[in-house]
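Colleague: Spelled out from the first residue to the last, the chains are:
Number of protein chains: 2
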Amino acid sequence: MVSRLLAPDELEAALRRIGAERYHNLHPFHRLLHDGKLDRGQVRAWALNRYYYQSRIPLKDAAFLSRAEDPALRREWRRRLEDHDGTEPGTGGIARWLALTDGLGLDRADVEAGRGILPATRFAVDAYVRYVRDMPLLPAVASSLTELFSPNIISERVEGMLRHYNFISPRTLEYFSHRLEQAPRDSDFALDYVKREARTPEQQEQVLDALRFKCDVLWAQLDALHHAYVAPGLIPPGGYRPA
Amino acid sequence: MVSRLLAPDELEAALRRIGAERYHNLHPFHRLLHDGKLDRGQVRAWALNRYYYQSRIPLKDAAFLSRAEDPALRREWRRRLEDHDGTEPGTGGIARWLALTDGLGLDRADVEAGRGILPATRFAVDAYVRYVRDMPLLPAVASSLTELFSPNIISERVEGMLRHYNFISPRTLEYFSHRLEQAPRDSDFALDYVKREARTPEQQEQVLDALRFKCDVLWAQLDALHHAYVAPGLIPPGGYRPA
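Residue numbers (full-length UniProt numbering), protein chains in the order written: chain A, 1 to 243; chain B, 1 to 243.
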């Protein structure tokens with residue numbers, strides 16, 4: 001618990017500690033993915049489930065926009081929609097994720113319909129969308145702060161996947177190279193926002209809780225993948241079954 | 001997909017097939033629990049997480065009541081609140097679940113606060129509450145139909161746990177003996193309701209989907225417990241750690 005008002009830089013340090021303890025780069029599924037220890041079916045399961053997360057991000061951001069009364073804040077946040085949805089068909093982050101699932105040989109209609117995704121994926125991702133829809137703007141912004149930690153994991157992922165998997169090419173990983181530019185820009189803004197707007201210990205605690213919550217959302221998705229496709233490998237009823 | 005209007009008894013048969021394929025009695029965690037293969041810490045983790053589910057059920061039922069315009073339907077459904085919340089402190093299903101967690105040596109304040117529950121538990125259970133809050137009444141009723149299948153699992157559970165665990169007594173399992181009377185009464189009503197009110201193939205499909213959804217909610221909770229406390233035994237950050 002935050003027992004006194006933290007200086008802005010202390011708040012940032014506390015946020016970074018949460019990332020160091022709870023961000024999903026620490027999850028063994030990512031270790032296996034990046035070290036080339038998964039087979040094509042397991043990588044497909046990851047990309048299929050993660051597509052559901054990608055596809056909900058613009059809904060999350062639109063829910064945020066629908067509640068942000070400050071035009072300047074909306075202008076800033078609107079870029080996130082553009083990043084994901086692009087400017088025309090075939091552009092933007094969602095289209096780039098589909099290039100990855102295409103490259104892995106998944107059927108695009110199945111991916112877009114979410115056929116075979118794990119129920120736990122849906123529950124976790126939907127919880128995130130609803131969090132941003134229902135919570136005050138301050139924790140809603142703070143829940144995006146996992147992006148502070150994503151550049152490291154993305155660099156490691158791209159490098160590791162290209163080296164280890166012959167079914168992965170630079171083109172199929174193009175999603176991530178864009179995120180390497182977008183994520184720091186977005187997280188800089190969000191970090192400044194929460195350092196400025198969290199003006200009481202209670203608000204600072206809300207900001208820290210929001211980041212813990214978001215780490216849980218990401219971690220739970222990997223737990224579900226790990227349980228279904230790695231150890232013990234128990235795919236729930238209706239879940240995608242690698243051929 | 002339902003391609004033509006099913007006779008009411010065909011709809012019931014289709015519902016029972018879903019239960020036979022997806023109800024969580026088929027999950028290995030329940031096999032271990034009932035066969036005495038878990039230690040006290042694992043049983044505690046189960047009871048702690050399941051408390052969160054119990055505690056949300058009256059919120060789910062109140063959300064349903066808040067949208068049911070027919071007084072007869074509300075009178076019928078209101079019993080569910082009474083069953084869980086009781087008539088005075090210390091009575092009702094939630095209090096009986098706390099008798100179980102007390103008997104297992106869990107701290108009651110921790111249990112009631114949900115300290116250490118798995119994020120996946122929260123995501124799955126909250127998804128259920130929101131489903132009943134947001135969906136039309138017909139699928140909201142249908143999502144309760146897992147109770148059709150609970151008497152078998154409860155009998156097996158009580159018998160197995162009493163036989164195998166010296167830290168379990170009939171008193172701590174009292175929750176379940178009450179459910180053996182309540183669940184059939186509730187599921188009889190809900191089954192009659194959906195057989196009567198689902199009057200198009202689309203509505204029948206919605207009913208079947210609602211039951212699949214609810215099976216997913218229950219299954220995902222056991223997946224998370226199994227992954228954290230059995231195999232591979234990877235407890236997520238912040239999760240309850242047996243001593």
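Keep in mind that the hints were calculated from the coordinates and are not lab data.
Note that beta-carbon positions come from the ideal geometry of N, C-alpha and C, so glycine has one too.
A few of these clues could be false.
Here are the simulated distance ranges between beta carbons [what the hints assert, rightly or not]: (1) Arg199/A x Arg130/B: 27 to 33 Å; (2) Arg67/A x Thr87/B: 40 to 46 Å; (3) Ala113/B x Glu82/A: 39 to 45 Å; (4) Ser3/B x Met1/A: 55 to 61 Å; (5) Ala113/B x Arg163/A: 42 to 48 Å.
For the chain A half of the interface with chain B, some residues (derived, Cβ under 10 Å), not all of them [what the hints assert, rightly or not]: (6) Met1; (7) Tyr52; (8) Pro58; (9) Gly86; (10) Arg130; (11) Asp216; (12) Val217; (13) His226.
Sample of chain A residues facing chain B (criterion: CB under 7 Å; computed from the structure) [claimed, not checked]: (14) His34; (15) Lys37; (16) Gly41; (17) Phe123; (18) Ala220; (19) Pro232.
Colleague: Are there hints from earlier that the structure breaks, and if so, what are their numbers?
Modeller: Hints 6, 7, 8, 9, 14, 15, 16 are the ones this structure does not satisfy, whereas the remaining hints hold.
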